[in-house]
Amino acid sequence: MEANGSPAQSSTASSSRISTIKSPYLQGQSPAASNKDLTTRDFELNTLVPEPVTTSPTRLSWISRTRRSFAAKSPRVYAWVRKTVLYARGPRPKVDLPPPIPLLDIDIVTSNKRIVIPIESTLIKATRRLTSPWLFAILAAAYIVGFAFFSRSQSFLTPPSSFISCTATYWLANNGCGQDGSACGPFDNSSFDFRCPAQCSNVILQNPRTIGNEQIAFKPLVVGGGDSNHTYRGDSFICAAAVQAGVISDKRGGCGTLQLSGNFTDFIPFVSHGLTSLGFPTVFPVSFNFSDSTSLTHCSDLRDAALAFNILVTCALFILLRPKPIVLYWCLVCIGFWHVALFSQPQGPPPKLDVAFGSFLPVLFIAYAFWRLAFRFVLPAFSNAPLESCILYLSGFWVGVLNNLTFDKLPLSRLTASDINKRNGAVATLVVLIIVVAICAINQVRVIRKTGWLPHYVGWYIAGGLVTMLLALLPGLELRLHHYIIPMVLLPGTAFPTRLSAIYQGLLLGLFLNGTAAFGFDSILQTPEELRQDAPLGSDLPVFATNSTTFNTTIPFSDQIIFWEPLVEGWDGFALLVDDVQRYAGDALNFSLASLDSTLPHFFRLAYTSDGNTGDFTKAATLWPNGTWVNPQPGPS
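Numbering (the working numbering), first residue to last: 166 to 802.
The reader is advised that the hints may include incorrect statements.
In the SDA-like style, the derived pairs of lysine to any residue whose C-alpha atoms are separated by at most 25 angstroms in a straight line are [what the hints assert, rightly or not]:
#1 Lys587 / Asp469
#2 Lys384 / Leu702
#3 Lys416 / Leu518
#4 Lys517 / Asp469
#5 Lys517 / Ala306
#6 Lys574 / Ala306
#7 Lys587 / Leu598
Bear in mind the hints are in silico, worked out from the structure with no lab data behind them.
Using the sequences and the accompanying hints, generate a full structural model.
Have a look at this one:
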């Protein structure tokens, strides 16, 4: 204590330091009390002011050391990199973009006068009474009831057993109907009433299908129909054939009666109602035609009327009723989802309500994430521009919801290497899409940088890209970006109040609702077999020993025999299609033509089998009535 001086000296020193402070605590006290208090406070002050401490220099982090070293070695490059990083980082502190000024509130100043046309402001004032929450609640309840009755008229007044899909057919591809087609009988003397949905002419084969010695792809499968009775081969799409025959309308669907006719020879190609059928010049065991009358009622597809109704409702929500932005957002989610699930692209005729409700709950959770991440920053910014926001949001929204009529028309159905290479125009379409997306992304990056949020978004997208890359590397699985996944990736980057962001949000929300309502939540990873669908397996192909050189035309047709090469390792038998019907299955190396009609052409396709599983069939070898044998083209059929 002596080293610090006596208490009296300490008190005097403390008194001189504190006397300049106008403390209410010291006012009105006696000198003795003051001295005592000062002595006490001197102790407190001494304990609060520590002795000076000599510290060693702080060791720099490796990032700082690397930066300083780089700056010392390459000052010009370092300056350029630093300037680029600071530019990409954007302003600090971060800034918010101002709400867009309504374009339709026109205010033009010329040299002589000022022109003011407040369209948006006038509309808001004129429709203010319509924005009552009570009116909205009443109209929302009326919409739900009306939409339910609309859906009932669309799908639930016709017997469920009469509905068929656009790809319904009586015959399966290749040997799917078994030996002599026995698994697909009966072949004649039966009929049934059916109802087809609208727009079946848009439903096409995604992989090549062999008919005789021809292949068809990316068109509806329709064979025949050119005779007076409009007779079609049994593997034709029933609804597309009915459209071509004029029994139903492609725009509104319809009902008809189908009559099976059994064996039929020489299916004549036909062009009508925008559809072109293939010909088949030989015999086939099952055929059908249509009757003009049917016992079914309520057959018209109402999807166009429902679309017009829902477009008007969504326009009224934006322009007239103008609920709170979050309420408006949830209206779009519900209307878009149920329009797809019940009208434009239901998961089977009639709509499967249990499946739709199973998808609806997770859709609501994901939609809430969309609101939190993106929509709450943009949709409220257009509250003073109802007309403009209606155009911006709904133009993209309905394009996405009606994906089956918009993007599905492009010659690119799936972003897989096989799909890109097998269809004409797919590569060009992909290049154009990449360019458009790149331009939009660059512009959006520019907007995000102006706010200072670019590093945040870049970090999250890099993390997501790394996770996606790891998923793509999993063995035995392939990455499949369904169109409901793309909005989940891109929507967070639209959380900035610009007009383009509004268009992007409407489009991406519509795509998400279409994907989930029409197909459910398909996995982002799928096996090659799932992606292959009915495309060739890539298996071994047998070889015909009979060819154009070895076929002996001097032998009577009834004695003719065709031969093929022996089995290769891994296979235990053969399957032979004659005129697209399996006529032989076994391990023999030949087939007699005695049962065939010598006056007709015949088409032969051969495949290996193993434990009942069939490999790829060859392309067709053709035997014409004049005895000409045409060798099959290389590759599978």
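**OP:** Assess, step by step, whether the Cα of Lys574 is no farther than 25 angstroms from the Cα of Ala306, and give holds or violated.
**Re:** With a Cα-Cα distance of about 36 angstroms, the restraint between Lys574 and Ala306 is violated, given a limit of 25 angstroms.
Original post:
Within 25 angstroms, alpha carbon to alpha carbon, are Lys384 and Leu702?
Top reply: 21 angstroms, holds
Original post:
Is the hinted pair Lys416 and Leu518 satisfied, with a Cα-Cα distance of at most 25 angstroms?
Top reply: 24 angstroms, holds
**OP:** Below or equal to 25 angstroms on CA atoms is what counts here, so check Lys587 against Asp469.
**Re:** Distance ~33 angstroms between Lys587 and Asp469 Cα, so the pair is violated.
Original post:
Can the restraint linking Lys517 and Asp469 be considered satisfied, given a maximum Cα separation of 25 angstroms?
Top reply: Within the cut-off at roughly 20 angstroms; holds.
Original post:
Are the Cα atoms of Lys587 and Leu598 separated by 25 angstroms or less?
Top reply: The given pair, whose Cα atoms are some 18 angstroms apart, holds under the 25 angstroms limit.
Original post:
Does the structure keep Lys517 and Ala306 at a Cα separation of 25 angstroms or less?
Top reply: 23 angstroms, holds
Violated hints, listed in ascending order, are 1, 6; each of the other numbered hints is respected by the structure.
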